[in-house]
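Novice: Listed here are the chains, written in short residue letters.
Number of protein chains: 2
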Amino acid sequence: MGKEKSSFNLKTPKGTRDWSGADTLIRDRIFTTISNVFRRHGGTALDTPVFELRDILAGKYGEDSKLIYDLQDQGGELCSLRYDLTVPFARWLAMNPEVRSIKRYHIAKVYRRDQPAVAKGRMREFYQCDFDVAGANFDPMVPDAEVLKIVNEVFEDLGWNGKFTIKINHRKVLDGLFEVCGVPQDKIRPISSAVDKLDKLPWADVRKEMVEDKGLPAEAADNIEKYVSKKGRKDLLEELLRDEALMANASAKQGIEEMGLLMEYLEAFGVLDTISFDLSLARGLDYYTGVIYEVVTEGSAPASSARAAPEAEKLQKSGKKAKAASGDDDDRSNDPTVGVGSIAAGGRYDNLVGMFSPKAQIPCVGISFGVDRIFSITKARIEREKNTEARNNEVDVYVMAFGGKGFTGMLKERMDICKTLWSAGVKAEFSYKLKPKLPQQFKAAETSGIPFAIILGEEELAAGQVKIKEMGLPEGHPEKEGVSVDIKNLVDEVKLRIDKKSKGTTTTNVVADATAAVADLSVKTEDAGV
Amino acid sequence: MGKEKSSFNLKTPKGTRDWSGADTLIRDRIFTTISNVFRRHGGTALDTPVFELRDILAGKYGEDSKLIYDLQDQGGELCSLRYDLTVPFARWLAMNPEVRSIKRYHIAKVYRRDQPAVAKGRMREFYQCDFDVAGANFDPMVPDAEVLKIVNEVFEDLGWNGKFTIKINHRKVLDGLFEVCGVPQDKIRPISSAVDKLDKLPWADVRKEMVEDKGLPAEAADNIEKYVSKKGRKDLLEELLRDEALMANASAKQGIEEMGLLMEYLEAFGVLDTISFDLSLARGLDYYTGVIYEVVTEGSAPASSARAAPEAEKLQKSGKKAKAASGDDDDRSNDPTVGVGSIAAGGRYDNLVGMFSPKAQIPCVGISFGVDRIFSITKARIEREKNTEARNNEVDVYVMAFGGKGFTGMLKERMDICKTLWSAGVKAEFSYKLKPKLPQQFKAAETSGIPFAIILGEEELAAGQVKIKEMGLPEGHPEKEGVSVDIKNLVDEVKLRIDKKSKGTTTTNVVADATAAVADLSVKTEDAGV
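Taken in order, these protein sequences are the chains called W and C. 498 is the number that my numbering gives to position 357 of the first sequence; each next residue is one higher, with no gaps. 142 is the number that my numbering gives to position 1 of the second sequence; each next residue is one higher, with no gaps.
Note that these hints are calculated values from the structure, not bench results. Check the hints yourself; a few may be wrong.
If several chains are the same, the list does not tell them apart, and a pair holds so long as it fits within one copy or across any two.
[To be verified] EDC-like, lysine to aspartate or glutamate: derived pairs with alpha carbons at most 16 Å apart:
hint: 1; residue 1: Lys394; residue 2: Glu350
hint: 2; residue 1: Lys349; residue 2: Asp225
hint: 3; residue 1: Lys621; residue 2: Asp640
hint: 4; residue 1: Lys610; residue 2: Glu526
hint: 5; residue 1: Lys553; residue 2: Glu405
hint: 6; residue 1: Lys610; residue 2: Glu353
hint: 7; residue 1: Lys629; residue 2: Glu554
hint: 8; residue 1: Lys636; residue 2: Asp211
hint: 9; residue 1: Lys338; residue 2: Asp354
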């Protein structure tokens with residue numbers, strides 16, 4: 142913040158932030174990685190307005206509706222900022238009945254008047270990256286499986302192999318299970334939201350909420366306890382298939398069979414080992430109707446977890462649920478990688494589009510990646526691992542001039558060299574001073590981490606030559622003092638060195654060190670821009 | 142719109158739109174083209190919140206402040222949606238006094254409660270692409286020249302060579318000129334905004350506004366007329382340098398000399414021939430302090446221009462100015478390429494940052510590209526030129542199965558082939574049906590314009606083979622019926638064909654036809670994603 146006094150409150154609004162410098166580069170590479178996966182699976186981009194008619198958002202978010210930002214009534218329509226990307230997608234589907242099926246993705250900011258926790262990436266304005274498949278007439282669990290395959294590819298491409306787990310459950314299993322346990326029909330949602338807090342509170346507290354606050358018979362609560370501690374994969378599936386009470390319940394039976402089908406498909410996609418079928422996963426939003434999931438990683442768990450999970454479990458539960466439970470994880474820990482919550486979540490919602498247009502019932506299934514949380518973890522990792530300065534830009538070459546007495550500054554000659562480099566797609570800068578001093582020019586290049594200098598001297602220029610110097614070479618390196626090249630070969634000579642350096646290990650670009658996958662991608666993307 | 146009745150008003154808010162399908166692809170390629178140019182010149186991305194504290198925007202936009210969207214007071218800070226990207230940039234500079242110089246770019250939506258003209262790309266929510274250079278201690282006109290070089294590169298890379306003109310003027314020339322003509326100091330801004338309407342109104346009307354409405358002496362108006370009809374390049378510069386009255390005015394002299402310097406630098410950059418020094422260009426915003434410019438193209442002029450320009454001039458004036466003058470170009474013409482106004486505009490603003498923090502005076506110069514207008518023109522051109530269907534996605538391969546009696550659908554086998562293709566970065570889709578019919582699968586591929594089918598048959602699969610078929614081959618083509626390949630070679634065989642097709646002329650992707658530059662870029666970008 143500036144130290145100057147001014148009549149302005151010189152800040153961004155509460156819970157919002159500016160993105161600049163290396164942060165933006167890291168974030169944009171996360172976006173690129175994710176959207177490349179979406180496009181590989183046939184995703185097409187949809188972009189909706191940042192605000193919607195207020196009626197469109199009404200009645201979609203339950204209690205959380207109080208977090209919606211409204212626009213002021215300035216005459217005309219009443220509007221609100223979007224709360225997520227799912228409801229605008231459903232509104233778009235209802236408005237475009239000729240679209241019977243689509244895979245759409247959407248990367249954009251959403252708005253919630255929540256209590257911010259900036260260091261953890263929980264903001265009032267934050268990014269979501271959503272992929273959803275809409276369409277009737279699909280066979281059960283096929284698109285659901287592809288969505289989970291996409292989750293895997295995203296985290297693989299981000300370089301997180303083996304560092305994430307997808308917790309999965311099924312609303313129909315959960316509903317049937319509650320029925321079988323003796324939960325009255327009208328208490329199923331309240332009991333479900335109590336279960337949702339199990340990753341934050343000990344069983345005793347959750348039980349107390351169920352029995353004392355919500356009036357559940359003690360026996361029903363005890364029945365529930367047996368189920369919600371279960372997790373596994375095919376072993377759990379087998380166990381449930383043998384559970385005669387559950388299988389006698391139509392809802393549970395359908396859910397369990399669908400989970401079986403899903404696991405078969407995940408096996409065909411080669412990603413079954415990244416999921417955990419977890420009967421305690423409930424998820425808050427009312428509109429889910431089938432499979433639900435949440436992705437957790439190391440650091441998703443809050444630092445001061447109320448209890449250790451009953452089983453040894455490396456990846457603890459957490460997430461929005463933690464927040465919903467107590468809202469107290471705000472500033473308890475300043476480690477941005479701890480307690481950031483789930484890093485992606487989603488599920489099947491078959492009735493949301495019908496809320497806008499009863500005849501346009503289109504079943505949907507999707508996933509939303511929490512980019513700000515993924516960013517917080519990525520950035521913390523980069524900061525732990527970095528051994529060089531972060532860069533603010535991606536410029537390859539700084540074009541300089543030097544000379545002795547009567548030095549003209551060679552501004553137009555520097556402009557001409559830059560023109561040649563830009564035409565060839567080389568990223569280049571030069572000093573905006575007429576007669577810049579050589580040390581100033583070197584300092585500018587160094588500060589920005591620019592890897593190469595092209596140095597113009599009057600005598601060399603007269604001979605049709607300039608010097609290329611790689612910055613920061615060690616003493617004794619044969620090119621330490623730079624090499625003179627003919628101007629007519631300049632582009633080739635520069636590109637050769639940029640190319641060699643980008644493949645080498647001497648890169649000073651900290652982002653390139655982040656993860657091999659992301660860095661590799663970024664290099665290709667930069668080439669593409671040339 | 143849906144035909145169903147519902148209690149919702151199923152639409153987007155007035156002046157906003159959804160972006161989907163081919164539109165999004167075209168628009169994203171415009172973004173990529175522009176941001177690649179920005180990055181080539183050392184631009185670093187800045188992203189600010191969509192809303193700012195209300196005080197930050199107050200007093201920056203003059204009369205247009207009434208167009209600002211306010212957020213409702215829900216307790217807490219009073220905020221408004223951003224009106225442009227320039228004021229948030231200045232706010233950021235004032236907040237970050239350690240940043241003494243920067244080239245920043247920002248691509249984002251801005252908000253104005255204006256009268257929308259959807260077909261022309263004038264919306265209440267619309268995109269701007271801004272590039273600005275901030276920094277003290279630069280020598281005059283050097284960054285200004287680079288910004289204009291960037292304008293040239295953007296339109297070259299969009300494939301608009303020879304189809305755009307950059308109109309340039311200088312606020313100091315204009316102010317000095319008005320003084321010399323006898324405009325009293327307190328009338329300079331009002332007279333300037335009258336001149337600003339010359340592209341829409343005949344001189345007689347503008348003169349009437351000056352003399353009758355604004356009380357300018359008739360003689361001063363006549364003096365002004367002689368100047369504001371002038372345009373040219375070095376010829377005009379020479380004429381002004383010989384104008385003793387003008388050169389005796391300190392402001393005019395400084396402005397004219399700076400224009401001379403600018404032209405020298407534009408010559409060094411090889412882009413002098415794309416500018417037109419135009420003394421009638423005034424631009425509305427108060428905060429400009431030096432050079433100002435506006436880019437026009439064929440179609441920038443309104444269809445029903447009030448007059449022909451006095452000189453033969455292919456590229457007529459128009460733009461925001463037209464709108465400001467009468468606001469009547471809303472729906473006069475439905476041709477989206479006519480009257481879209483200027484497609485980019487900007488200038489030097491040396492005092493804006495100081496409005497936030499008096500001690501943080503940082504001179505700035507920049508350009509803002511109106512992407513929605515560039516999009517409208519690009520899309521109209523594509524629609525004129527297209528001879529194929531627009532595509533909604535970029536998928537390369539549709540994986541199908543067929544079989545006779547006892548057909549299993551081979552769902553898991555299709556999943557397995559897709560898995561292999563995705564791992565290799567090939568964009569692939571498959572039917573979500575257990576037992577899809579072959580014609581349905583072909584229709585799905587055709588509808589999406591997917592160029593290749595991979596067909597699984599039970600016998601071939603047992604022999605370790607699948608068939609690759611290029612869609613839409615003419616009768617008699619040797620591969621019309623497809624070619625069988627070993628599954629172990631599938632990725633290579635598919636990539637070979639995708640590559641060949643993308644270089645060939647048989648592409649069915651309408652976007653690829655748009656402009657060579659954009660299409661070429663898109664291919665490279667897609668490769669990068671692989």
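Novice: Now tell me, hint by hint, if it's right for this structure.
Specialist: Results for each hint:
In this assembly of identical chains, the alpha carbons of Lys394 and Glu350 never lie at most 16 Å apart, being 28 Å within a copy and 80 Å across copies at closest. Neither within a single protomer nor between protomers do Lys349 and Asp225 lie at most 16 Å apart by alpha-carbon distance, with minima of 33 Å and 53 Å respectively. In this assembly of identical chains, the alpha carbons of Lys621 and Asp640 never lie at most 16 Å apart, being 18 Å within a copy and 41 Å across copies at closest. With identical chains, the CA atoms of Lys610 and Glu526 are never at most 16 Å apart, being 28 Å at best within one copy and 48 Å at best between copies.
Taking the closest pair of Cα atoms, Lys553 and Glu405 come within 16 Å of each other only across two copies (9 Å); inside a single copy the shortest separation is 67 Å, beyond that limit. For a Cα distance limit of 16 Å, the shortest separation of Lys610 from Glu353 qualifies neither inside one copy, at 75 Å, nor across copies, at 66 Å. Taking CA atoms no more than 16 Å apart as the test, Lys629 paired with Glu554 passes inside one copy only; the shortest distance there is 14 Å, against 55 Å between copies. Proximity of Lys636 to Asp211 under the C-alpha cut-off of 16 Å is found in neither arrangement, the shortest distances being 52 Å within a copy and 50 Å between copies.
In the homo-oligomer, the alpha carbons of Lys338 and Asp354 lie at most 16 Å apart inside one protomer (14 Å), although the nearest pairing across protomers, at 70 Å, exceeds that limit.
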